[in-house]
Structures are given as structure tokens and as C-alpha cells.
Amino acid sequence: GEQVEQRPPHLSVREGDSAFIICTYTDSATAYFYWYKQEPGAGLQLLMSVFSNVDRKEEQGLTVLLNKKDKRLSLNLTAAHPGDSAVYFCAVSGLGTGSKLSFGKGAKLTVSP
Amino acid sequence: EAGVTQSPRYAVLQEGQAVSFWCDPISGHDTLYWYQQPRDQGPQLLVYFRDEAVIDNSQLPSDRFSAVRPKGTNSTLKIQSAKQGDTATYLCASSFIRGEQYFGPGTRLTVL
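In the order they appear, the protein sequences are chains A and B.
Counted from 1, the first sequence has number 80 at position 80 by this note's numbering; the numbering is strictly sequential.
Add 1000 to a position in the second sequence, counting from 1, and you land on the number used in this note's numbering.
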């Protein structure tokens, strides 16, 4: 089955800096890519979704890059602020796997003032 | 528009006890998912429904876990005879067909 690796597991940045998170996946048929944010004690908030025909997507200070050749997905938060402190998860699914999402283990981001 | 709602938010049990979790998906979403999220891990799919039909329950421990969605709207996940290894957050999500999944706040289960 699909294996999703996410790194780093923890990262700390200062307010105004960028934070960069990478996920790699194994199944070349993977077609849908998602980034979620989870704050303490809360569910997962969908940040961005990308289909496999898109290499780059930017929304509200977030940039997602997709490199299908290397099976790599990344999330860049520009100008992070303390409210961005949370755990970030990537999730992927394939055309042949129905709606089943495979998640990474998460990256805990801490943004200090 | 109301999001996915779940209850209870917290549950604490002794081993061997039973517990039920309830989920109300976003109105109009035909697909409903139950995930288990152990501490410091990503969510793992247990089961999902399209309308009232189970589409995939291959990861549901069938001897103690059961899930239903009888009218294709709300859903209940039940654990019979809970074990300490069931300690986790149980998340419900919904989507329209195979679109983006939206998650509820989860139920945090502790089995002592």
C-alpha cells in the first residue's frame, strides 16, 4: 500500500520566517494531494488540495509544490506567525484507491514571537 | 454552513467497557469516514460509507469495532470491550463523492 513519509517531525521558526515541510510518497498512481493543519485538541483543518496536473499552488501565504518525478510534495509557509503553530499533515490518495487518504505522521511547527 | 459535529468530545473507560461515538456530517455530503489517530500519529482510516453502504472496512477490527450509517446521514462507531491499545482520538470526516474531506473535532478516548 501507499507509504507517506513526512519530515521534519518538529520545526521551530521565528515570527516572519518561512517554514518548510516535505512529504514523499511511494505510489506513482497517486493523484490527489492535501495539506491539513491540526491545532491542539481540534480536528484537521483543510489548508489546500492539489490534483496531480498541478506543479505549484499558492494561497494566502502558503505554497505547495508537487514533484511527481521524485514523488515529493512540499508546503512552504511564508512569514509565519504564532497562530500558525500547529501540527501539519500531508495526505494523498490515488485514482484507484477510492476516497482512502494516506497520511504522513505530521510535522509540529512552533512559531515564536 | 455547519461543519462535521461529533460527540462526545472525551471518553474515559476501563478495559472491557463499551463506548459509542456519534458523527453528524456536513449536510449534503454522501461519504462519511471514521479515522483513528493515535497520539503523535497521522489519522488512519477505519471505515467509510457512501450513503448507507460500507465501501471499505478492511482496517476495522471487526471483532470489537462496528460502524453503521443506517439512513445515509449520521453515523455511529462502537467499540465493544475496549482495550488500552484503543486509546486514541477518533475522527469523523465527510465529503461529497470523492471530493475534499472535512473533519470534525474528534473524540478523545482514554482506556485505563
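It cannot be assumed that every hint is accurate.
[What the hints assert, rightly or not] Each computed DSS-like pair below joins lysine-lysine, with the alpha-carbon atoms no more than 27 Å apart:
(1) K105/A <-> K37/A
(2) K105/A <-> K57/A
(3) K71/A <-> K57/A
(4) K1071/B <-> K105/A
(5) K37/A <-> K69/A
(6) K71/A <-> K1078/B
(7) K105/A <-> K71/A
(8) K1078/B <-> K108/A
(9) K100/A <-> K1083/B
(10) K57/A <-> K68/A
(11) K37/A <-> K108/A
(12) K108/A <-> K71/A
(13) K69/A <-> K57/A
(14) K1071/B <-> K108/A
(15) K108/A <-> K68/A
[What the hints assert, rightly or not] Here's a subset of chain B near chain A, in silico, CB distances under 10 Å, partners left out:
(16) P1008
(17) W1022
(18) Q1041
(19) R1050
(20) D1051
(21) V1054
(22) F1065
(23) N1074
(24) K1078
(25) K1083
(26) T1087
(27) Q1101
(28) F1103
(29) P1105
Keep in mind the hints are simulated off the structure, nothing from the lab.
Even glycine gets a Cβ: it sits at the ideal position worked out from N, Cα and C.
Next item on the list: Could you tell me which of the hints above the structure violates, numbers in ascending order?
Entry: 4, 6, 8, 14, 16, 17, 20, 21, 22, 23, 24, 25 and 26
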